[in-house]
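Undergrad: Listed below are the residues making up each chain.
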Amino acid sequence: MTSNQDTTNKRRLPLCKISSALIGGGVISAQHLNTLRGIRGVEIVGVCDLSPALAQFTADRFAVPSWFTNYHEMLECSDVDVVHVLTPPATHDRIVRDCLDSGKHVIVEKPIALSHAAFCELWDYAATRNLQLIENHNYRFNEPIQQIERAITTGQIGTVEEVEVRINVNIRGGGRYSDRNLPHPSHQLPAGIIHEFITHFSYMLLNFMPPASIDNINTIRAAWRNHGGGNLFKYDDLDATILAGSTHGRLRFSCHQWPDCFSVQIRGSDGVATAELFHPTCQVTKHRPVGQHLTPLVNSLAGARTMTQSGFGSIWRKIRNHGAYEGLSRFLELTYDSLCTNKEPPVTYQQMNETSRLVDALLALENRI
Amino acid sequence: MKLLITGAGGFLGRYVVDAALQGGHEVHAMVRPASHSIPDSWQGHSKITIVRADLRSAHGIAELLEGIDGVIHLAASKSGDLYEQFGGTVITTENLLNAMPEAGIDRLVVISSFSVYEYQQRWAWSKHDETSPLAIDPLMRDEYCQTKLIQEQLVLERAKAHDWQCVVLRPGVIYGRDNLWTARLGMQINKRWWMRTGTFASLPLSYVENCAEAVVRAAEYNGNPRQLILNVVDGKTPSQRAYLKVLQNKMTPRPHIIPIPWTVMRLLARLAWLTNRIFFNGTAKVPGLFVPSRLHARCKPLRYTNKKIVSTLGWKPRYSWQEGINRSLQNADKIK
Numbered sequence: 003m004t005s006n007q008d009t010t011n012k013r014r015l016p017l018c019k020i021s022s023a024l025i026g027g028g029v030i031s032a033q034h035l036n037t038l039r040g041i042r043g044v045e046i047v048g049v050c051d052l053s054p055a056l057a058q059f060t061a062d063r064f065a066v067p068s069w070f071t072n073y074h075e076m077l078e079c080s081d082v083d084v085v086h087v088l089t090p091p092a093t094h095d096r097i098v099r100d101c102l103d104s105g106k107h108v109i110v111e112k113p114i115a116l117s118h119a120a121f122c123e124l125w126d127y128a129a130t131r132n133l134q135l136i137e138n139h140n141y142r143f144n145e146p147i148q149q150i151e152r153a154i155t156t157g158q159i160g161t162v163e164e165v166e167v168r169i170n171v172n173i174r175g176g177g178r179y180s181d182r183n184l185p186h187p188s189h190q191l192p193a194g195i196i197h198e199f200i201t202h203f204s205y206m207l208l209n210f211m212p213p214a215s216i217d218n219i220n221t222i223r224a225a226w227r228n229h230g231g232g233n234l235f236k237y238d239d240l241d242a243t244i245l246a247g248s249t250h251g252r253l254r255f256s257c258h259q260w261p262d263c264f265s266v267q268i269r270g271s272d273g274v275a276t277a278e279l280f281h282p283t284c285q286v287t288k289h290r291p292v293g294q295h296l297t298p299l300v301n302s303l304a305g306a307r308t309m310t311q312s313g314f315g316s317i318w319r320k321i322r323n324h325g326a327y328e329g330l331s332r333f334l335e336l337t338y339d340s341l342c343t344n345k346e347p348p349v350t351y352q353q354m355n356e357t358s359r360l361v362d363a364l365l366a367l368e369n370r371i
Numbered sequence: 027m028k029l030l031i032t033g034a035g036g037f038l039g040r041y042v043v044d045a046a047l048q049g050g051h052e053v054h055a056m057v058r059p060a061s062h063s064i065p066d067s068w069q070g071h072s073k074i075t076i077v078r079a080d081l082r083s084a085h086g087i088a089e090l091l092e093g094i095d096g097v098i099h100l101a102a103s104k105s106g107d108l109y110e111q112f113g114g115t116v117i118t119t120e121n122l123l124n125a126m127p128e129a130g131i132d133r134l135v136v137i138s139s140f141s142v143y144e145y146q147q148r149w150a151w152s153k154h155d156e157t158s159p160l161a162i163d164p165l166m167r168d169e170y171c172q173t174k175l176i177q178e179q180l181v182l183e184r185a186k187a188h189d190w191q192c193v194v195l196r197p198g199v200i201y202g203r204d205n206l207w208t209a210r211l212g213m214q215i216n217k218r219w220w221m222r223t224g225t226f227a228s229l230p231l232s233y234v235e236n237c238a239e240a241v242v243r244a245a246e247y248n249g250n251p252r253q254l255i256l257n258v259v260d261g262k263t264p265s266q267r268a269y270l271k272v273l274q275n276k277m278t279p280r281p282h283i284i285p286i287p288w289t290v291m292r293l294l295a296r297l298a299w300l301t302n303r304i305f306f307n308g309t310a311k312v313p314g315l316f317v318p319s320r321l322h323a324r325c326k327p328l329r330y331t332n333k334k335i336v337s338t339l340g341w342k343p344r345y346s347w348q349e350g351i352n353r354s355l356q357n358a359d360k361i362k
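Quick note, the sequences are listed as chains A and B, same order.
Using the working numbering, count along the first sequence one by one with no gaps and you end on 371.
Using the working numbering, count along the second sequence one by one with no gaps and you end on 362.
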């Protein structure tokens, strides 16, 4: 990494120059590349995919100077500081180790590993080489989630009593996950296709549940179901309850409910905060300084305002071509900033470790109902 | 010849299988593993072998090509996001091309599309043939254009490198049973209300049975040059208004048509483009009809010709466009 004197950056930027490369040219690579192009100081030096056509297309589309079909070659040829591993989860372990062996910091798409034990081994591998290994927890950095965090830290909803994280996505109705001709590789993961999402709601739940460690969780019960039947989907529904002292957590995943959503609801001793990430909103129901009788009215009016803003905001975001990946941009900016300044990354070891442990616990046979 | 036809279960594929059989060929009809759309007439047919495979996976393709004399590659994706279309059109082609040398196959027909051409930077009513320029800025066009351009490039590079007998066919609009509408007409608001964008522009139509015959002729092509690009358009092409009027009269209930002149559409698209540039730095997502490059690709009036394919392959469209519509509506073709 080299020093950079340019301080005229428009966004929150790293203070040095970092060169990056991407392995995997699928859908998510476009999100990473779009974001990286907006971070000054970051130079994308190469992309790699098994398909030459896709690698070349990605390089051309995002003006990346070189493309590869063999990541070993890319790691050797390019002067890379950071590698983004964006391949299917089952391939992460081998690729991440090879990147670490080459002395590169690694940012990995979720899930970083297929078990907690595998995560620990990878982490040790990175630590012994004094390199950063960071899992993408992008949704934590979406604005509505940040707003909930502010509502909690400023005491607007009191002590957190209940956390519910819900993802509804109609992936059985068509698209890449329901393709029977060439089943998506995620169907082979321990939680089947839900493994694509399980990291997101696990880190989200842990982000808001008070105990810092899942050692403090007394009970986990998870109902894994395949309501749609058939042999393509291992599971298409998850309903899990997590109890930690007096705090209750619930994780819900469904392919059968409408509308699609990624919602987080925090119920506290003095109020409720609800965030929706697919149609970004954050609504806080709290005590208002207007007296007991008028508080419901003010909360309703505030809610109506939020819903109206959300409705128009959805259209606006559609026009502006903004998806639910806004958090990725902030996550990557903070990550690159931390790499430059040797600060702690925005996703810490503890957060990745606890997330991985929770996923293991949700899948454990003894916790199933 | 023993022909492998990829995408055989698709709209055009079924007719190509039929045309290949009529041409005296043996057919290996490749359909997707989970496909249920296999015509009854294929079952037990002595000259048809049904092959189930998905070309997005390279695994096992070489074995499927053993003993094949030529490949007609129709498999492609027309829907889904960019990456789904890339997988269904480009990766499939890449995997097929990688397996062909090992199997010793040197005969290939690939179906491309008129969507690969440039439209915006051309004069209205200019002649459109194989020498017309390709899309200048594909990223401004739709995913289909982008993926088809890459597919063509892959095919032609590989065919040249291996000196394959290769024909790339670029059909205009293939229509037939259950596929009588085209975006070149405008937009179907619902079953009762249709919007026609333009009036006098010719539609580069090819009735599916005509097109299928052209595909089989291309597979039989033995001439020079060994790599060819041919447009596929039936002889006389109707105007948007004429085609839509015939279609309208045959529909029950009869739909209402809202005509919007080409100049008005151009103006609206231009305004949308300017607004996007000025206020959103060109990043706003607007419907295709309001993106000038896409609007021109759909509706620009041009003059189409099929001289090259007629003279090179000796192909003559069997059915006129009116007969094509009638056959489509009466299910007069033999494909069941």
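Heads up, some of the hints might be wrong.
Only some residues are given here: those of chain B computed to face chain A with a beta carbon under 8 Å [said to hold, decoys possible]:
#1 82
#2 117
#3 208
#4 307
None of these hints come from the bench; they were simulated from the model.
Positions of the beta carbon are idealized from the N, C-alpha and C atoms, including for glycine.
Undergrad: Take the hints in turn and mark each one as holding or not.
TA: Results for each hint:
no.: 1; hint: 82; in the structure: 5 Å, holds
no.: 2; hint: 117; in the structure: 6 Å, holds
no.: 3; hint: 208; in the structure: 23 Å, violated
no.: 4; hint: 307; in the structure: 10 Å, violated
When held up to the earlier numbered hints, the structure conflicts with 3 and 4 and fits the remainder.
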